[in-house]
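Colleague: One-letter residues, chain by chain:
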Amino acid sequence: MSRNTILTILSILLLFAFLYYASHHFNQYTIIILNNIAITMIFAVSYNLINGIAGQFSLAPNGFAAVGAYTAALLSLTPAQKQAMFIIDPIMPILGSIHLPFLPALIVAGLVTAFFGFILGFPVFRTRGDYLAIVTLGFGIVIDIIANNAITITNGPLGLKGISSYTNVWWSYGWLLFTIFVVMSIINSNYGRAMKAIRDDEDAAVAMGINTFKMKMIAFVVGAFFQGVAGGLLAHLITTISPTLFTFFLTFNLLVIIVMGGLGSITGTAISTIVIVWGSELLRVFDQPMHIFGITTPGIPGLRMIIFALLLIFVMIFAREGIMGKKEFSWDWLFSAIKGGRKNAK
Amino acid sequence: MLTTIIQQLINGISVGSLYALVAIGYTMVYGVLRMINFAHGDILMVGAYLAFFGISAFMLPWWVSFTTAIILTGFAGVLVERLAYRPIRNANRVSLLITAVGVSFFLENLFLVLFGGVPEAFPIAPIFQGVLNFNQIYLPVVSIYTPILALVLLYVLLYILHHTKYGMAMRSIALDIDTTSLMGINVDIVISLVFFIGSSLAAVGGILWSTQYPSINPLMGIMPGLKAFAAAVLGGIGDVAGAAIGGLVLGISEVLIVAFFPSLAGYKDAFAFLLLILVLLFKPTGIMGKELERKRF
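From first to last, the protein sequence lines stand for chains A and B. Positions 56 to 401 (this note's numbering) are the ones given, in order, by the first sequence. Positions -15 to 281 (this note's numbering) are the ones given, in order, by the second sequence.
Chain B on its own, in the form it takes in the complex (with noise of 0.2 Å):
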């Protein structure tokens, strides 16, 4: 009993890493921003397919592969963030969502038509590969390096959050965009990292993703993108921390549901949500979250 909670507490800590991973990116996007971003997902997906092409069309070893996908797809959002947000970047609230979806469903329609809809084999690179097993409890080593790797990276993002110049701007921003661009700041160029950090962010969660699941199809970032939303609202939108503690939550309470009652597997997605409207009802701005400014829809 004792050795199946622990393994299954183990299972659900790698996937809320991976959902808070993602969720981050969310995260920082609407902070800086007050922009749901749809799209977010789909460029998860965008990194899956990128580490796929490196070594399997391109034939490059895993780090180097890995690597590139993860600096193309921070490009490919920065460039979705200066082709189709920036233009309407003051518009009201359901024409920049609208906007996402756009290049949500663009992506994903993209990437059917050039590659098809059949899932791929996703390689699992050398480090990931084996099985630990302690006293009965076997650990994937992917499942121990994603904890790992999402609090290094965590730490690292409030590191240039709270002690760079960029990160104060950042931060700047999320308060008043207006006032901060009249501090002589260049909002486009800040704006563009986050997207920058975000989207690599999400590049690591679909490579991590792909090697835990290991098949990629151009759909495949429709439910971590949506869970990772649920998890980002869940710890307060808008707060970073709050973005990883509302993926380990949704992560574990997930895994532990389906481990104890199996009968309710077909209904671990719907979980998120319900477990999201419950937090809400309590606590209308999620675990961690702040008040945010009323009037802007």
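For reference, chain A alone in the conformation it holds in the complex (with noise of 0.2 Å):
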């Protein structure tokens, strides 16, 4: 086994290590953010295997949150449940009687997502650059109205509630652990290296003899079906769901969190998935009444969105690189910066 290797195995037993301590000694409320945190990272990694690798400016991932999401709580509720639950119309005679373990009723949801981003990656490869972004913007906003208006099947604007709350820290970082692993033996494979060449010059990758469609396919296809699984996780960590959750506002977070990273850096997006979601749990003082210097504000609701927008706006302005740029951490990196930090200290 080479330095490198064990290292990282080192790296992962004390992530272990830690969220062992955590789940034991955390509170609820700390224990829920670090779920989200891993939620959201395996949203914004897949995603940017999407648009940082393969350069595809997709915005559907609001789309494939939602499909995963309600697969995933259809699947494991209860036949029961399912009945009390559609009020306005019963739900679909297949639906109600199916029930499924949790992690059978992820991996159903990640093939069903994936299904769905095969079937629009026909159309959306026909079109390039913004029209991609639009025809993606479209189909978030054509699942939101489904979910919305099929209620044998999602039960409206109503929701589904009672989902069991069977995520905790071991399924999401067990995920998470799994996505990376997956996005990164592409991004190194040749698959990786035809998709960044697609991102960096389509026509010149077309003249290469890549095929562009397969490429594009793969990223789209493997994107979805992780975002298909972390909207099930998401969906067993708040057990309730409804349209509201899976706005552009959800695919809008996404993107400012790989931009934020680096676009095509899976590192940089880890970091910055970090800092936005502590970020704005941060932000929260806003909405609440404050006391500076003596002085007491009220609380407004809706101050806190204001800043992010501002905060936003100023971070584009001044930081659009991103934290990593397009590099990634490796543990060569590490040690040579470690050396050359010794150097420069002598």
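Please keep in mind that the hints were generated in silico from the structure rather than gathered at the bench. From the three backbone atoms N, C-alpha and C, an ideal C-beta is built for every residue, glycine too. Be careful, since some hints might not be right.
[Unchecked claim] Which chain A residues face chain B? A few, computed with CB under 7 Å, are given here:
#	residue
1	Leu68
2	Ala72
3	Val197
[Unchecked claim] Pairs of lysine-lysine, DSS-like flavour, derived with a Cα cap of 30 Å:
#	chain 1	residue 1	chain 2	residue 2
4	A	Lys382	A	Lys216
5	A	Lys251	B	Lys267
6	A	Lys216	B	Lys267
7	A	Lys269	A	Lys381
8	B	Lys252	B	Lys267
9	A	Lys269	B	Lys267
10	A	Lys394	A	Lys382
11	A	Lys251	A	Lys381
12	A	Lys251	A	Lys269
[Claimed, not checked] From chain A, some residues computed to sit far from chain B (all C-beta separations above 10 Å):
#	residue
13	Asn106
14	Pro148
15	Met360
16	Leu367
Given two chains presented individually in distinct reference frames, assemble the corresponding complex, making use of the accompanying hints.
Modeller: Encoded structure:
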């Protein structure tokens, strides 16, 4: 085993030790944030495969998340629960009788979402650039409207309640590691290099004999799979889902994360996920009454969003390359940085 | 049956011209900056609110209030461009898009915090009041004014674009912004003008929208914004006449679908995007669209 493999395994063990400690000692609120970070990171990493690595400017993740969340929730709810919940219109008979354990439900959710991604791929990859963004944006809106109106499947605006809270740090971080492993494997394979070639110059990539449709489709379907799984994890974390959860705002948050981290850098995505998820929790103080230097400001709900929007515009103006650019963390880089640091110290 | 069709067709044309007015603003900004201005729908909301304040808070006559609102909204658009978009004009597409969405969230939440989320009743100006009746076909006056106004404004805009120096500068920027600035054209002023015109048109759209559906709230711009955007793309984004056609096609087909298949009414808003996806499948650059330069993203 090489030094790097050992170090990677050690750091994963360290992460699990931390999670073990956290799940026994941290309060409920902190644990939900920890879960939230992992789930958002699954979303963001798989999203970055499409946007950052393959260069296809998709705005679909809120649609994918909704498909995954609804599929997983409908599969894991018991038939009795479903019968009781669908009060406007009874649930579709086939869906009403299915009941699966958590893991199969998540995997099916991922597969169903991947299938949606596959179907969507045909119109999407006939277009390029901004047109692609628009078609994928439209997909998210269509899914949102279906979630609101296909009452026999989704229970409409009421959403689904009473979903078992299966998601814990082990599930979410387990899936996160698996996602990062798969995405990194793709990036470091021939497929990944072909995807980067398409991102940097599509016409040249075509001229080199790369099957651009196939490459884009692989990125899209793999990304959709993990976004579906993340949607399922999210549904089982918050236990209540409704169409309002999966509006464009979700996509926008992820877009901010991958741009802030650096389009095309998985390390950057991971860092900026933590910054954004944690940071937006911290911003909650702005919605509550504040005491600054003896002056008390009233709580203004919505102020948080104004500050979020302003911060964002500032970040885009002053730091648009992102935290990591296109670079990735590696042990070699770390050691050379330490050595370089020592040399400089001397 | 015939009366129903005519009635629905007129409703469709009226809604379609609203989409067209807003879509033109989208398309102009896209044409010069190659950016999707997500805040355009919220500019429409700003226009509607300004008109509302003019009438109900400042007690201005409706035409003074509307004119002031349209001009002020134009300046609001210029301000947004100056503060948020100009500093990153040369950045990549994604940063531009995020900034635009940021501006959109900022405007929505600013108005939510300032005025609350409760919808306000929009006062209908005297000239827009009333319904005409021709042989069982009922025409609200506003749905007659809307297409006429849209046509006139479209004509004025096309005239500006094709017969004035500023119009020539706009078209030149759309082709190549760097070369245009080398030719001694003040690109900043021309882009400000584009934002002024686009935002004023959005304000006109907002006022007409609020007259047809007489209530306003801070989130009212989202759906018309998205629809107009779909319309702009449907027509071929960057093409002013295309945006108008796209808006009409979208409005008419939407109204007809709901009229003939009432059970699909809930899916009305999805229809715009399904139509869009369908059209792009066969014509990937929209109805009037030309192949855009490829490598900028």
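Colleague: Now tell me if each hint is right for this structure.
Modeller: Hints, verified against the model:
no.: 1; hint: Leu68; in the structure: violated (36 Å)
no.: 2; hint: Ala72; in the structure: violated (37 Å)
no.: 3; hint: Val197; in the structure: holds (5 Å)
no.: 4; hint: A:Lys382 with A:Lys216; in the structure: violated (42 Å)
no.: 5; hint: A:Lys251 with B:Lys267; in the structure: holds (27 Å)
no.: 6; hint: A:Lys216 with B:Lys267; in the structure: violated (42 Å)
no.: 7; hint: A:Lys269 with A:Lys381; in the structure: holds (23 Å)
no.: 8; hint: B:Lys252 with B:Lys267; in the structure: holds (23 Å)
no.: 9; hint: A:Lys269 with B:Lys267; in the structure: holds (21 Å)
no.: 10; hint: A:Lys394 with A:Lys382; in the structure: holds (19 Å)
no.: 11; hint: A:Lys251 with A:Lys381; in the structure: holds (11 Å)
no.: 12; hint: A:Lys251 with A:Lys269; in the structure: holds (14 Å)
no.: 13; hint: Asn106; in the structure: violated (8 Å)
no.: 14; hint: Pro148; in the structure: holds (20 Å)
no.: 15; hint: Met360; in the structure: violated (4 Å)
no.: 16; hint: Leu367; in the structure: violated (4 Å)
Consistency with the previously given hints fails for numbers 1, 2, 4, 6, 13, 15 and 16, ordered from lowest to highest.
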